[in-house]
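Colleague: With chain A held as given, fit chain B onto it using these hints.
First to last, the sequence lines map onto chains A and B.
Note that our numbering numbers the first sequence so that position 75 is 442, with each residue one more than the last.
Note that our numbering numbers the second sequence so that position 428 is 445, with each residue one more than the last.
To be clear, the hints were calculated from the coordinates, so they are not data collected in a lab.
Computed from a prediction, not measured in an experiment: that's the story for all the values here.
Hints are not guaranteed to be accurate.
Stretches of chain A that chain B covers, calculated by requiring three or more beta carbons in the stretch to come under 8 Å of a beta carbon on chain B [stated by the list, open to error]:
#1 381-394
#2 406-414
#3 421-428
#4 432-438
#5 446-454
Cross-link-like lysine to any residue pairs, in silico, SDA-like; alpha carbons within 20 Å at most [said to hold, decoys possible]:
#6 K445(B) x S384(B)
#7 K127(B) x F432(A)
#8 K419(B) x I486(B)
#9 K338(B) x L415(B)
#10 K446(B) x P457(B)
#11 K208(B) x I428(A)
#12 K419(B) x K208(B)
#13 K338(B) x A283(B)
#14 K446(B) x V490(B)
#15 K57(B) x F123(B)
#16 K208(B) x V415(A)
#17 K446(B) x R370(B)
#18 K208(B) x M91(B)
#19 K312(B) x K446(B)
#20 K208(B) x V450(A)
#21 K208(B) x A218(B)
#22 K208(B) x S423(A)
#23 K208(B) x L431(A)
#24 K208(B) x L421(A)
#25 K127(B) x N74(B)
#26 K127(B) x I412(A)
#27 K445(B) x V401(B)
#28 K419(B) x F407(B)
#29 K208(B) x L372(A)
#30 K208(B) x H419(A)
#31 K208(B) x M424(A)
#32 K127(B) x A218(B)
#33 K57(B) x F159(B)
#34 K127(B) x Y62(B)
#35 K208(B) x I376(A)
#36 K419(B) x L430(B)
#37 K208(B) x V443(A)
#38 K127(B) x V450(A)
#39 K208(B) x Q427(A)
#40 K208(B) x I412(A)
Even glycine gets a Cβ: it sits at the ideal position worked out from N, Cα and C.
Spelled out, the chains give:
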Amino acid sequence: MAVPLSAYIVVSAVLFTTGLIGVLIRRNFIIVLMSVEIMLNAANINLVAFSHYLESMAGQIIALFIIAIAAGEAAVGLAIIIVVFRGKISTNVDEMNLLKW
Amino acid sequence: MTFSLNVTGSDLILMLPEIILTLWLCGILIVDFAMPKLPKEQLAYLSVCGLAIVLANLVWFDLEGVSGALFANMFVLDRMALFFKILIVGATMLVLLASRDYVQRFRFFKGEYYFLVLMSALGMMLMASPNDLLSMFITLEFSTFGFYVLVAYLREDAASNEAGLKFFILGVFAAGLLTYGISLVYGETGKIVFSEIAATAWTPGLTIGFLLIFASLGFKIGAVPFHSWIPDTYHGAPTPITAFLSIAPKAATFAILVRLFFVSLAALKPAWVLLLVGVSILSMTYGNIVAIAQKNIKRLLAYSGIAQIGNVLIGLAAGTKMGEDAILFYLLTYVFANVGAFAVVIAVSNLIRSDEIEDYSGLNRRSPFLAFAMLVFLLSLAGVPPLAGFIGKLYIFLAAIKEELYTLIMVGLVNIVISMYYYLIIVKKMYINEPIDRSPLTVSPSMQAVIYVGLAGTLVLGIYPKPFIEWAVAATLMFSNFAPAAAVAPVVLPFGG
Chain A
368 MAVPLSAYIV VSAVLFTTGL IGVLIRRNFI IVLMSVEIML NAANINLVAF
418 SHYLESMAGQ IIALFIIAIA AGEAAVGLAI IIVVFRGKIS TNVDEMNLLK
468 W
Chain B
18 MTFSLNVTGS DLILMLPEII LTLWLCGILI VDFAMPKLPK EQLAYLSVCG
68 LAIVLANLVW FDLEGVSGAL FANMFVLDRM ALFFKILIVG ATMLVLLASR
118 DYVQRFRFFK GEYYFLVLMS ALGMMLMASP NDLLSMFITL EFSTFGFYVL
168 VAYLREDAAS NEAGLKFFIL GVFAAGLLTY GISLVYGETG KIVFSEIAAT
218 AWTPGLTIGF LLIFASLGFK IGAVPFHSWI PDTYHGAPTP ITAFLSIAPK
268 AATFAILVRL FFVSLAALKP AWVLLLVGVS ILSMTYGNIV AIAQKNIKRL
318 LAYSGIAQIG NVLIGLAAGT KMGEDAILFY LLTYVFANVG AFAVVIAVSN
368 LIRSDEIEDY SGLNRRSPFL AFAMLVFLLS LAGVPPLAGF IGKLYIFLAA
418 IKEELYTLIM VGLVNIVISM YYYLIIVKKM YINEPIDRSP LTVSPSMQAV
468 IYVGLAGTLV LGIYPKPFIE WAVAATLMFS NFAPAAAVAP VVLPFGG
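Chain A extracted, bound-state conformation (with noise of 0.2 Å):
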């Protein structure tokens, strides 16, 4: 039995919004970085979906470009986040508050 496409489309789009409210809701980086990761991820999905349903190349070939670039984003990310915990001993949202007007 066939997949539909619809299938497909409802998993990335609640991916995505788990994702989204993750960023903009949760407070510690590092699970920050993990929802950005699940955007990525549903994007991935979508694409890949599409791609087979449309009988396009193009799709795949993006979602394999955004896995080689979230793994990019993870490293320099991470980097920064060992960085920042090095001179504050926390990974808080909140505690990033050197900089404001």
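Modeller: Same frame as chain A, now just chain B:
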């Protein structure tokens, strides 16, 4: 499901500037490791030399009229792309010269700094050329990666780390919105090339997709309501990086925005004009009003930058070829005035280690040159004749008047008055207030060079703008008969290939 890619050597000539820069920046990294005794300032000059070669190459392409498309239409080189590339390379050269003294503050990784700046410049050069959603996404992320590291470069400074983290979180959040937007647009149309998307029928999914893409690009240019990272990041980042961040990525993102709106969304102009008018009014008003309350010069320039982006969006909202010429010219004037203003801030901060506006009191007594340069740059940002900013604002407003966007123009004019107020407060502090410390300040030669280039650009563009306006007009010729199905420029190579 097949995917073929044919690239010949003569096609790759279109990417020659990028290829030269790639090789050059690898060379910089090798020289940095292989010759540890070499003073790091030399790397700054070496990087500037490389960019000068790239700039010469770009100018040659522009004069020869080289244009074409590469990699199955992913990468286009037309005169608009060349305009933006020249702008970005020029701004990078000024920023590198201005960072020479500042880099002494870093304890580690002085050499890698130049590598990362060049890497970001390469990413932004590519950002001037994308012609489909995939290359748009890759180039956007490519240019931002370098900036994530550069903003957090002052490792011992908690403010710089915090700025880097905030910039990173909002940057990747924008990337998440962008990818989801791309996936929706691809799903609705089955196409990713900008000009092919235009041909498909309109659906709600496509609207959401494009709104997400616009939101993510809005983050990059820092338009209200996507501006929240701008003040903190600008405040905490090393000042040369703030200068770089305030110009180059924004200019490059406008290259993408123009292509997206004029090629893919041409048929929907009435809808996006309303969107852009709203964003433009919010950016100008918010940026200018909040700027009044600032005590730190970098934060003030950050908010003024938000307001300036509002001004540029007026040109985009006009949605005509003239509006687009005005955007290009305005960005040109903005590069000189803004890099110049930041150069003065860097020079002052190198000498007195402070960015507070209070410490600019009596700057005229301590260094008349710096005070005068700051005066010129601030007046140009405010749009006072006969400086470059005046012509830029005039051009943008004329384009909007032709489209009868009178509300937008009224708000824009009121905002010029507000901005004049906070720019002149700095001028008053520099010229009328008494200095706390009277010791004279001497400016280093490389900072002087940057400030002189900024002054020259601001004055020449203001007094004799004709050739530059003609350059901007020629750069957007492909939009001259702006119609729903704007095609990509044909491949014309003068190299017999």
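Colleague: For every hint, state whether the structure bears it out.
Modeller: Hints, verified against the model:
Only residues whose C-beta sits within less than 8 Å of a C-beta in chain B count toward coverage, and the segment 381-394 of chain A has 4 of them, enough to reach three; the restraint holds. As drawn, the segment 406-414 of chain A meets chain B at 7 residues by the rule of a beta-carbon pair under 8 Å; at three or more, the given contact holds. Residue count for the segment 421-428 of chain A with a Cβ under 8 Å from a Cβ of chain B: 7. That meets the three needed, and the coverage hint holds. With 3 residues bearing a CB less than 8 Å from a CB of chain B, the segment 432-438 of chain A meets the requirement of three and the coverage assertion stands.
Counting residues of the segment 446-454 of chain A whose CB lies closer than 8 Å to any CB of chain B gives 6, so the stated coverage by that chain holds, three being the minimum. Straight-line distance between C-alpha atoms of K445(B) and S384(B) comes to about 15 Å, which keeps the hinted pair within the 20 Å bound. Simply put, K127(B) and F432(A) have alpha-carbon atoms about 31 Å apart, too far for the 20 Å limit, and the pair is violated. Restraint check for K419(B) and I486(B): the C-alpha separation of about 18 Å stays at or below 20 Å, so the hint holds.
At roughly 12 Å between alpha-carbon atoms, K338(B) and L415(B) fall within 20 Å of each other, so this suggested pair holds. Using a Cα cut-off of 20 Å, the hinted pair K446(B) and P457(B) holds, with the two alpha carbons roughly 16 Å apart. Proximity of K208(B) to I428(A) is assessed by CA-CA distance (about 13 Å); at most 20 Å being required, the pair is judged to hold. For a cut-off of 20 Å, the pair hint linking K419(B) to K208(B) is broken: about 34 Å separates their Cα positions.
The hinted pair formed by K338(B) and A283(B) meets the criterion: a straight-line CA distance of about 12 Å does not exceed 20 Å. Of the supplied pair hints, the one linking K446(B) and V490(B) is violated, its CA atoms being roughly 40 Å apart against a limit of 20 Å. In summary, the hint linking K57(B) to F123(B) is supported, as the alpha carbons are separated by about 11 Å, within the 20 Å threshold. About 14 Å separates the Cα atoms of K208(B) and V415(A), which keeps this hinted pair within 20 Å; it holds.
Among the hinted pairs, K446(B) with R370(B) is consistent with the structure: their alpha-carbon atoms are about 18 Å apart, no more than 20 Å. Restraint check for K208(B) and M91(B): the C-alpha separation of about 12 Å stays at or below 20 Å, so the hint holds. Taking the CA atoms of K312(B) and K446(B), the gap is about 12 Å. The hint holds against a cut of 20 Å. Between K208(B) and V450(A) the alpha-carbon distance is near 41 Å, which puts this suggested pair outside the 20 Å criterion.
Among the hinted pairs, K208(B) with A218(B) is consistent with the structure: their alpha-carbon atoms are about 12 Å apart, no more than 20 Å. Distance hint between K208(B) and S423(A) is fulfilled; the C-alpha atoms sit about 9 Å from each other, no more than 20 Å. Proposed proximity of K208(B) and L431(A) is supported: the alpha carbons are some 17 Å apart, at most 20 Å. Restraint check: the Cα-Cα separation between K208(B) and L421(A) comes to about 10 Å, which is no more than 20 Å; the hinted pair holds.
Restraint check: the Cα-Cα separation between K127(B) and N74(B) comes to about 28 Å, which exceeds 20 Å; the hinted pair is violated. Taken as a hint, the K127(B) and I412(A) pair is broken in the structure, with Cα atoms around 41 Å apart against an allowance of 20 Å. Taking the CA atoms of K445(B) and V401(B), the gap is near 16 Å; set against the 20 Å cutoff, the hint holds. Only pairs whose Cα atoms come within 20 Å are accepted, and K419(B) paired with F407(B) is accepted, the gap being roughly 18 Å.
Taken as a hint, the K208(B) and L372(A) pair is honoured in the structure, with Cα atoms around 18 Å apart against an allowance of 20 Å. Distance restraint check for K208(B) and H419(A): the Cα-Cα separation of roughly 14 Å lies within the 20 Å cut-off, and the hinted pair is therefore satisfied. At most 20 Å may separate the alpha-carbon atoms for a hinted pair to count; K208(B) and M424(A) meet this at roughly 10 Å. A threshold of 20 Å between alpha carbons decides the hint, and for K127(B) with A218(B) the separation of about 53 Å lies outside it, so the pair is violated.
Between K57(B) and F159(B), the direct Cα distance comes to roughly 25 Å. Violation of the 20 Å bound is thereby established for this hinted pair. A distance of roughly 14 Å separates the Cα atoms of K127(B) and Y62(B); the hinted pair therefore holds under the 20 Å criterion. Restraint check: the Cα-Cα separation between K208(B) and I376(A) comes to about 18 Å, which is no more than 20 Å; the hinted pair holds. Restraint check: the Cα-Cα separation between K419(B) and L430(B) comes to about 16 Å, which is no more than 20 Å; the hinted pair holds.
A C-alpha spacing of about 31 Å is found between K208(B) and V443(A), which places the hinted pair above 20 Å, so the restraint is violated. Using a Cα cut-off of 20 Å, the hinted pair K127(B) and V450(A) holds, with the two alpha carbons roughly 17 Å apart. For the suggested pair K208(B) and Q427(A), the alpha carbons sit about 13 Å apart, so the restraint of at most 20 Å is met. With a C-alpha separation of about 17 Å, the suggested pairing of K208(B) with I412(A) holds against the 20 Å cut-off.
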